[in-house]
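Trainee: Residue strings, one per chain:
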Amino acid sequence: MNSLITAAVLLALLGLAYQLGWSKSRRLETAGAKLHSRPSYHGYLTVVWALAPALVILLFWLLFSDRITQSYILSLLPPDVAALTGADLFSAIRRVRDIASGFGVAGETQPWENAAGQSLREFNALTFAIVTAAAAGAGALAMLWARSRIAPRFRARNEFEGVVRVLLIACSGVAILTTAGIIASLLAESIRFFSFISPIDFFFGTSWSPGFSTTGNEAHGEYGMIPLVWGTLMIAAIAMLVSLPIGLMTAVYLSQYAAPRLRDTVKPVIEILAGIPTIVYGFFALVTVGPFFSNVGALIGLDIRATSAFTAGVVMGIMIIPFISSLSDDILRQVPRAMRDGSLGLGATKSETIRQVILPAALPGIVGAFLLAVSRAIGETMIVVLAAGNSPYLRFNPFEPVSTVTVTIVKQLTGDTDFASPQSLVAFALGLTLFVMTLILNVVALQIVRRYREQYE
Amino acid sequence: MTDLSTSETKPETIPMHMTSGSAIIESSELGKGKTVRTPDKENRPVRVKARDVSVFYGPKQALFDVSIDIPAKAVTAFIGPSGCGKSTFLRCLNRMNDTIEGCRVTGQIELDGSDIHDRDLDVVELRARVGMVFQKPNPFPKSIFENVAYGPKIHGLARSKSELEGIVESSLRRASLWEEVKDRLHEPGTGLSGGQQQRLCIARAIAVSPEVILMDEPCSALDPIATAKIEELIDELKQNFTIVIVTHSMQQAARVSQRTAFFHLGNLVEEGPTDTIFTSPKEKRTQDYITGRFG
Ligand SMILES: Nc1ncnc2c1ncn2[C@@H]1O[C@H](COP(=O)(O)OP(=O)(O)O)[C@@H](O)[C@H]1O
Ligand SMILES: [Mg+2]
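Those sequence lines, one after another, are chains L and R.
FYI, the numbering used here numbers position 230 of the first sequence as 230, with every residue one higher than the one before it.
FYI, the numbering used here numbers position 146 of the second sequence as 146, with every residue one higher than the one before it.
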């Protein structure tokens with residue numbers, strides 16, 4: 001309710017700001033002055049100036065209010081409670097907050113808790129009023145200042161252009177800052193993990209058995225990630241063995257042989273494959289494909305487990321086909337027609353032309369597409385969770401169950417987790433490893449694709 | 001259209017051993033009273049004979065009943081304003097129009113007296129006999145050597161590596177490129193200059209020993225010096241090949257060709273010895289074009 005009223009008041013004020021800027025410049029204009037910028041720009045600029053300081057103040061409040069409230073609550077606690085640490089202190093603070101918000105808490109409330117809740121409620125109301133007043137005051141001042149600047153030669157239009165630019169930069173900044181934040185938190189938590197387990201044991205260990213965090217003993221278990229990376233790579237390799245030939249042939253057919261009408265219907269249909277949620281592929285693998293392979297294996301005297309690297313790899317390969325065929329189709333069609341004509345004009349057949357001229361010319365782009373597909377395969381989770389068997393042992397037989405980096409992250413973070421234990425923290429180290437792997441693949445792939453694009457500018 | 005056959009050719013002067021010697025007589029029958037062009041006064045045999053060739057792109061007709069005889073071992077130039085169908089007709093001669101979606105060709109085209117649309121004649125074989133050089137140099141993304149060796153390899157023209165090397169060298173020599181590239185045969189062909197790339201493409205076409213070489217504005221992407229080199233090369237090549245060149249430059253047509261054909265709006269307006277076309281054209285449209293009245 002509070003925020004709704006605030007928003008309405010804010011909107012009304014912004015309208016007022018626009019009106020102020022617009023009307024003043026309008027008056028100048030009717031008085032016969034030749035304005036540099038049209039009145040609407042003066043209006044917009046006044047709005048921007050009214051909004052900017054208020055937003056800055058609110059942003060700061062958003063960033064620091066939690067910390068300020070926290071220390072205020074601490075000062076309300078009786079000394080014996082304030083002396084608590086960790087989870088106990090955290091839950092005490094939590095209770096005070098819940099009482100203050102009127103949410104209610106479980107169990108008997110102590111008198112001091114009620115008192116603290118009451119004070120906190122008053123504190124919150126007070127700070128809210130102060131912040132709102134500060135924001136409104138600063139906005140009003142800035143708005144008046146902006147209005148006072150309006151003059152015939154004032155370049156509101158150019159200044160507004162600058163504001164638009166800043167806004168656009170800020171938006172793209174959100175994505176970049178988020179990425180940076182994710183990397184920073186991955187790094188920080190990984191470093192915490194490495195305070196328990198030596199990086200050498202983690203990166204080069206060949207045994208994975210992290211144990212349970214609840215046992216509470218000093219033995220943390222073993223965290224060698226080689227079996228997981230091996231499982232990931234084996235499944236990715238099987239997926240690529242399936243998807244590359246099929247995807248590439250599809251692309252060759254679509255780009256070189258199919259009539260335009262056929263191509264325009266077939267391509268979207270293939271791309272539907274890419275729109276199927278991976279969890280659907282996952283249970284498809286688990287329920288249908290796995291048992292099928294297992295039966296086939298039994299027929300030919302091969303021991304194929306229903307959930308295995310093979311099952312997961314094949315299904316993942318099918319998932320990746322549209323990715324490869326669609327990218328490669330675009331790349332093949334970018335090969336200049338002149339190249340094709342040159343070959344056909346020498347008397348080469350269509351398939352000779354494709355094999356010896358078009359594919360080599362498109363090779364860098366196709367390699368790029370391939371690498372992007374590999375990085376998808378490595379990061380893919382749901383299919384492997386369901387179909388790879390989740391068995392973190394170093395095995396070289398693709399028909400046996402394996403586990404992957406992604407599956408292990410899921411496993412370590414589900415159920416009871418304690419983020420101070422290596423059992424959970426290892427997820428961050430694994431995530432970081434995965435991130436670096438796919439990052440390198442993507443950078444290399446994009447580099448190759450870009451170089452290829454330039455070639456035919 | 002007026003009958004352009006003149007008395008400059010007398011059938012009895014044509015040596016009988018030349019396959020197309022009798023083509024002159026046939027051609028007048030084939031033309032069924034329409035315009036029939038004759039070979040020039042030097043009595044070169046007819047290598048390519050086209051009768052009533054029309055081309056349609058979908059429903060749109062781009063070429064109307066073109067009939068022409070193209071003499072062997074000479075340069076025939078196609079001139080005309082852009083969009084008049086020069087390239088379209090050129091592409092008929094090695095059936096490259098087959099590769100264009102929705103393109104349909106009617107009429108009759110003979111190479112050395114046999115119909116190029118005949119079922120017995122394979123289009124792959126035809127294109128080996130009628131090579132093509134394109135407007136923009138289009139070397140393959142392979143080495144210089146591989147570019148030239150490409151045709152001989154797919155047609156199995158060389159039995160050994162040394163034979164292949166021989167073909168590559170002689171083709172590059174005939175394209176006057178050998179001296180410039182002999183030390184870097186294994187570098188990419190795309191690294192050459194524009195003019196060198198175009199000569200590489202000519203060498204690539206020569207390497208399969210075609211009878212006819214079609215060139216579609218081969219110099220339009222080149223600077224004047226590179227153009228002069230290619231023109232010089234064309235002049236030499238005509239001793240061994242029949243050359244058809246499309247050009248938008250009348251000076252170029254005058255410099256390199258023995259015969260010139262003027263196209264306008266999909267019609268072949270006039271065709272004859274180059275000097276006649278440029279000095280005393282019969283048609284007003286030709287006159288207007290070569291004097292720069294339109295184009
Ligand atoms: N691939 C094509 N599809 C449709 N129309 C075409 C195609 N190529 C050429 N044309 C049309 O045919 C006519 C002749 O073109 P073209 O032979 O390229 O002329 P020129 O080479 O004399 O400039 C033009 O009107 C052109 O628009
Ligand atoms: Mg053209």
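Hints listed in this document are in silico derivations from the structure and should not be mistaken for laboratory results.
Treat the hints with caution; some may be incorrect.
What the hints assert, rightly or not - Quick list of the computed label-pair ranges, beta carbon to beta carbon:
1. R:LYS182 - L:PRO260: 41 to 47 Å
2. R:ASP98 - L:VAL269: 27 to 33 Å
3. R:GLY83 - L:ARG451: 49 to 55 Å
4. R:ARG159 - L:ARG451: 34 to 40 Å
5. L:PHE435 - R:GLY83: 53 to 59 Å
6. R:GLU163 - L:VAL436: 49 to 55 Å
7. R:ARG173 - L:VAL436: 22 to 28 Å
8. R:GLU101 - L:ALA298: 29 to 35 Å
Idealized CB from N, CA, C, for every residue including glycine.
Trainee: Hint by hint, say whether it matches the structure.
Mentor: Cross-check of the supplied hints:
1. At about 45 Å, the CB distance of LYS182 of chain R to PRO260 of chain L agrees with the hint of 41 to 47 Å.
2. The hinted window of 27 to 33 Å between ASP98 of chain R and VAL269 of chain L holds, with their beta carbons roughly 29 Å apart.
3. Judged by the Cβ atoms, the range 49 to 55 Å given for GLY83 of chain R and ARG451 of chain L is violated: they are separated by roughly 36 Å.
4. For ARG159 of chain R and ARG451 of chain L, the hinted distance range of 34 to 40 Å is satisfied, since their beta carbons lie about 39 Å from each other.
5. Between PHE435 of chain L and GLY83 of chain R, the C-beta spacing of about 56 Å keeps the proposed range 53 to 59 Å intact.
6. A C-beta distance of roughly 53 Å is found between GLU163 of chain R and VAL436 of chain L, which places it inside the suggested range of 49 to 55 Å.
7. Taking 22 to 28 Å as the suggested C-beta distance range, the pair ARG173 of chain R and VAL436 of chain L does not conform, at roughly 55 Å.
8. Hint check: GLU101 of chain R to ALA298 of chain L, Cβ distance near 51 Å, so the stated range 29 to 35 Å is violated.
The structure does not agree with the numbered hints 3, 7 and 8 stated previously, though it agrees with the rest.
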